[in-house]
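Enquirer: Residue numbers (the working numbering), protein chains in the order written: chain U, 1 to 117; chain P, 1 to 117.
FYI, nobody ran anything at the bench for these hints, they're computed from the structure.
One or more of the hints may lead you astray.
Interface residues of chain P toward chain U, partial, derived using beta-carbon atoms under 10 angstroms [as the list claims (entries may be wrong)]: (1) ASN12; (2) ALA14; (3) GLN45; (4) GLY62; (5) PHE63; (6) PHE67; (7) SER70; (8) ALA87; (9) THR106; (10) PHE107; (11) ARG112; (12) VAL115.
Some chain P residues near chain U, calculated using beta-carbon distances under 8 angstroms [said to hold, decoys possible]: (13) LYS22; (14) PHE34; (15) TYR39; (16) GLY43.
Please read these numbers as outputs of a predicted model, since none were measured by experiment.
Beta carbons are placed, not taken as given, at the ideal position from N, Cα and C, and that holds for glycine.
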Amino acid sequence: DSGVTQTPKHLITATGQRVTLRCSPRSGDLSVYWYQQSLDQGLQFLIQYYNGEERAKGNILERFSAQQFPDLHSELNLSSLELGDSALYFCASSPITSTSGGTGELFFGEGSRLTVL
Amino acid sequence: AQSVAQPEDQVNVAEGNPLTVKCTYSVSGNPYLFWYVQYPNRGLQFLLKYITGDNLVKGSYGFEAEFNKSQTSFHLKKPSALVSDSALYFCAVRDIFPNNAGNMLTFGGGTRLMVKP
């Protein structure tokens, strides 16, 4: 058990809909990361938050957005869903974000499997 | 940007035999390298990391990895494979955004390890 909690574990919805995925990081971790895992794209970095602030963006679509709340949990919002958004969405956390400290390993949750029909 | 490559989609090995899962990297500066394992319908679990020091890094579940700077490789190894080692293995490299804005892990495409009894 990594200590990172993601809900829901499974989600089935229709095209055009909007969903919210939730992540609680490990106790004390300030950084939260979102990744998308699909069969054809592998593991893609979406976005990073640190202590409530967005820090880095990867290949995140404009239809997707995220935020990190004062209690450090994070939510990933996916809207106007398309069939191609079907994937496993992972949240990960780590204690720091700066390059001056830590070694960079991430601790992953079990993922939220999204199926868009 | 930093990158890693896993040249084999799948590796087959008999139980009790040694296993190697290959990874090569392309980085500027000193690499921070990682191996993760993903079991079916589970999140990624951290196995080991190389930051600096000894080229042979020991990790969880009897795995080790050898860092080779001249060959820019970071192959994962285990002296004696178990059927329970069958899983998807990912190599990753730490990537840092400009101005230390943030950091993330960039993953290889993954290698499926099949250990047969």
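Enquirer: Next, verify each hint and record whether it holds.
Expert: Status of each hint after checking the structure:
1. ASN12: Nearest chain U Cβ about 21 angstroms off; hint violated.
2. ALA14: With a minimum Cβ separation of about 28 angstroms from chain U (threshold 10 angstroms), the hint on P/ALA14 is violated.
3. GLN45: This interface hint holds because 7 angstroms falls under the 10 angstroms limit.
4. GLY62: With a minimum Cβ separation of about 19 angstroms from chain U (threshold 10 angstroms), the hint on P/GLY62 is violated.
5. PHE63: Violated, about 15 angstroms.
6. PHE67: violated (14 angstroms)
7. SER70: Violated. Min distance 23 angstroms.
8. ALA87: Violated, because the Cβ-Cβ distance from P/ALA87 to chain U comes to roughly 14 angstroms (cut-off 10 angstroms).
9. THR106: Holds, because the Cβ-Cβ distance from P/THR106 to chain U comes to roughly 7 angstroms (cut-off 10 angstroms).
10. PHE107: This interface hint holds because 4 angstroms falls under the 10 angstroms limit.
11. ARG112: Constraint on P/ARG112 not satisfied, violated at 12 angstroms.
12. VAL115: violated (23 angstroms)
13. LYS22: With Cβ-Cβ at 16 angstroms, over 8 angstroms, it is violated.
14. PHE34: Check passed: Cβ of P/PHE34 comes within 6 angstroms of chain U, closer than 8 angstroms.
15. TYR39: violated (10 angstroms)
16. GLY43: OK, holds: P/GLY43 within 8 angstroms of chain U, min 4 angstroms.
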